Amino acid sequence: MTRQMTGAKMIVQALKDQGVDTVFGYPGGAVLPIYDEIFLQNDIHHILVRHEQGAVHAAEGYARSTGKPGVVLVTSGPGATNAVTGLTDALLDSIPLVVLTGQVPTFMIGTDGFQEADTIGITRPCTKHNWLVKDTDDLSQVIHQAFHVATSGRPGPVLVDIPKDVQFANGTYSEKKDAKTSHYQPRLKGDIDAITALVDAMEKAERPVFYTGGGVINSGPAASQLLRELVDATDFPITSTLMGLGAYPASGKNWLGMLGMHGLYEANLAMHGCDLMINIGARFDDRITGRLDAFSPGSAKAHIDIDPSSINKVIQVDIPIIGDVAHVLEDILRIWKSRGRKVNKSGLKNWQNQITQWKAVNCLDYAPSTKAIKPQYALQRLEELTKGHDRYITTEVGQHQMWAAQYLTFEAPNRLMTSGGLGTMGYGFPASIGVQMAHPDALVINVAGEASWQMNMQEMGTATQYRLPVKQFILNNERLGMVRQWQQLLHGERYSQSWSESLPDFVKLAEAFGAKGILCSDPADLDDAIMEMINHDGPVIFDCVVEKHENLYPMILSGKPHNEMLLGDAADGDGIQSDGAVLV
Amino acid sequence: MSELKIKKGATSHSAYELRNPNANVIEKHTLAVVVDNEAGVLARVIGLFSGRGYNIESLTVAEIDHTGHRSRITVVTTGTPAVIEQIKAQLGRIVPVHEVHDLTTEGPSVERELALFKVSGTGDKRVEALRLADIFRANVVDSTLHSFVFEITGVPEKIDAFAELMRPLGLSEVARTGVAALSRGKD
Ligand SMILES: Cc1ncc(C[n+]2csc(CCOP(=O)(O)OP(=O)(O)O)c2C)c(N)n1
Ligand SMILES: [Mg+2]
Chain A
1 MTRQMTGAKM
11 IVQALKDQGV
21 DTVFGYPGGA
31 VLPIYDEIFL
41 QNDIHHILVR
51 HEQGAVHAAE
61 GYARSTGKPG
71 VVLVTSGPGA
81 TNAVTGLTDA
91 LLDSIPLVVL
101 TGQVPTFMIG
111 TDGFQEADTI
121 GITRPCTKHN
131 WLVKDTDDLS
141 QVIHQAFHVA
151 TSGRPGPVLV
161 DIPKDVQFAN
171 GTYSEKKDAK
181 TSHYQPRLKG
191 DIDAITALVD
201 AMEKAERPVF
211 YTGGGVINSG
221 PAASQLLREL
231 VDATDFPITS
241 TLMGLGAYPA
251 SGKNWLGMLG
261 MHGLYEANLA
271 MHGCDLMINI
281 GARFDDRITG
291 RLDAFSPGSA
301 KAHIDIDPSS
311 INKVIQVDIP
321 IIGDVAHVLE
331 DILRIWKSRG
341 RKVNKSGLKN
351 WQNQITQWKA
361 VNCLDYAPST
371 KAIKPQYALQ
381 RLEELTKGHD
391 RYITTEVGQH
401 QMWAAQYLTF
411 EAPNRLMTSG
421 GLGTMGYGFP
431 ASIGVQMAHP
441 DALVINVAGE
451 ASWQMNMQEM
461 GTATQYRLPV
471 KQFILNNERL
481 GMVRQWQQLL
491 HGERYSQSWS
501 ESLPDFVKLA
511 EAFGAKGILC
521 SDPADLDDAI
531 MEMINHDGPV
541 IFDCVVEKHE
551 NLYPMILSGK
561 PHNEMLLGDA
571 ADGDGIQSDG
581 AVLV
Chain B
585 MSELKIKKGA
595 TSHSAYELRN
605 PNANVIEKHT
615 LAVVVDNEAG
625 VLARVIGLFS
635 GRGYNIESLT
645 VAEIDHTGHR
655 SRITVVTTGT
665 PAVIEQIKAQ
675 LGRIVPVHEV
685 HDLTTEGPSV
695 ERELALFKVS
705 GTGDKRVEAL
715 RLADIFRANV
725 VDSTLHSFVF
735 EITGVPEKID
745 AFAELMRPLG
755 LSEVARTGVA
765 ALSRGKD
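If you read the protein sequences in the order shown, they are chains A and B.
Using the numbering used here, the final residue of the first sequence is 584, and nothing's skipped along the way.
Using the numbering used here, the final residue of the second sequence is 771, and nothing's skipped along the way.
Calculated from the structure, these hints are not laboratory results.
Since the model is a prediction, treat every value here as computed from it, not as a measurement.
Please note: incorrect hints may appear among the correct ones.
Said to hold, decoys possible - With a Cα cut of at most 20 Å, we get these calculated SDA-like pairs of lysine to any residue:
hint : chain 1 : residue 1 : chain 2 : residue 2
1    : A       : Lys134    : B       : His653
2    : A       : Lys313    : B       : Phe633
3    : B       : Lys709    : B       : Pro752
4    : A       : Lys134    : B       : Asn621
5    : A       : Lys313    : B       : Val609
6    : A       : Lys313    : B       : Arg715
7    : A       : Lys189    : A       : Val317
8    : B       : Lys612    : B       : Phe633
9    : A       : Lys387    : A       : Pro186
10   : A       : Lys68     : A       : Pro186
11   : A       : Lys508    : A       : Thr464
12   : A       : Lys313    : B       : Gly738
13   : A       : Lys180    : B       : Val625
14   : A       : Lys180    : B       : Pro680
15   : A       : Lys313    : B       : Ser634
Start from the sequences and build out the full structure, keeping to the hints where you can.
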């Protein structure tokens, strides 16, 4: 039985068949037929953002917090170009997105028509794959394939560009089950010989460490479960990248905290001093490795990744395992158990003692203040007062993002949405909207900096229109704090353009949008103010005025190895060598 | 390296190849990439090379299966062994790419390039050009009283050598196809 329908109808039908309940978008001339179809149905909820960048980040928040692909619909030309930052963000953080763009009619392509842009050309390097559909008969097939590609293997954003005449024309709808199965079928099972080699190394290792990343979360809930089982059974210490926080619970006994440029002392020193590094779904990003030739010099390295191009890209490893994290962890556990659950007990004991000593340094200590709110204190209080809630955190980019990663705890995967790879200021607010759409009853907090937040603050209208009670917790230091810190440490205290001037009155701004604004600048008032924010049933902008020149530590300067970490204010003032200044 | 003395050779991944992947030597490799012949596929391959800073020495492409709509791209590239491995892995990630073969490491292969040379001249030079063409087994595919167009097939080095000889004899235009390559043997 074949079904004939217009392209526009097919799109909505294909989305329904793919189980889509929410689309983030913005209309325009080249997508009007699709908006007609959206108007005529009630199954798919369309969220009208205020800027297409917001739509893509919202879809990322939705995707990251649910494990399902996020869906975006925007018009041709400026609609598509506005989506580019979000696509690049999703590509670097491996977030599954299906982005549908309108295009001028096929017979006008190439004529510099009104709102024509070479969307396929522009987005080719920032999508996992993209398609221009020129024939309505291919449309539903392509959309089904788009979902397959976005969600299979290493997830990522895909884009389908749909000329307006293709939306109007009639064609045959292909059911999801009849869609041509793509040859794109990444391998899930790891090589058993390599896995056995890893188990062998695990049995002997004196100083092992698990180094986990976003791949564990992308692999699904089973991967996090298996990871916990493996860590508990072996008693090996575990650290994680920013993208992997929550896969292993922060309250777990083997937890070292986040690693990397602003990671914890104990996590970075464990990475530096280990004899066996087991990388699970992380990618040796430069924020993690620091200086490559000094990265964990004495260790054997295993790397589990579903993307073969991640392996040996920057760090040569000894045991590469290409496969899905959950599948591989299952095999590791099975083989390790069948060989008698062996670990090097005495070695491990010394290693754990060493780690206990590193932990005693208390690298997250900071000088408290009764006069100003320290940003770290604000986050500690936020943690304390919200941790019992069904809580999701998004962040913007800057010092506040790293403090959020350090001082908030994540007990479960999919609870932290943050722009890791691209470091996109303006990500967190729209992402919080996407998360709240997916989890209407949860407490969704965007930990923001005042500068980042302003990059997509137009989305206040979206939050109030859809009554999304997202909490915008702005750590307002009146500075582009992260930039100011680098200028202090690496550019001779020349604070070029890093002051946030002419800030809006955030309380009045909230009120102008029909939301609630809270201002807090006294540490003594902070708890009450946070409670007021939590208890308000609606969107809140919380202007938390914090210490302006607080620096973020620990810090591994660019170009430095892990064992040369700046701790606390010890570094302020004295001459830091700036040979890393060329790096970002 | 590690004190654990991990035994190498346990997987199919190139990390276990015996060459030192950190070596800084620049190698030349011929890769064969089988792709779906769909719009933009060549742009994806070329964009990968330019976007990630890899080299292309030569590139040829044509549809090799008209019913299955498959094309074969032959690309000659240079890089350190680690970069070559990355190039192959990155090519493998492109969705319409079906197969990536490194003809330089996967056993013996044959490489050929076709070129057309226009040589204009009269008298002794014209005779000499014809004589050399014969030695190189180049065919004359067009001739006037003042010019020849030669067609020559061979490894790129042979074509380079022919070009050098023709230059003083009135070489005026060259068209080269780039390398096409296949592995030797039955599969
Ligand atoms: C879109 C974008 N532009 C520029 C940057 C560079 N950048 C990184 S952090 C930062 C400052 C962020 O300031 P704020 O949001 O107030 O956070 P803070 O560091 O003060 O906590 C800047 C400009 C970026 N990451 N993203
Ligand atoms: Mg700031």
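Exercise for review: Would you list, in rising numerical order, the hints stated earlier that this structure does not obey?
Suggested key: Hints 6, 9, 12 are the ones this structure does not satisfy, whereas the remaining hints hold.
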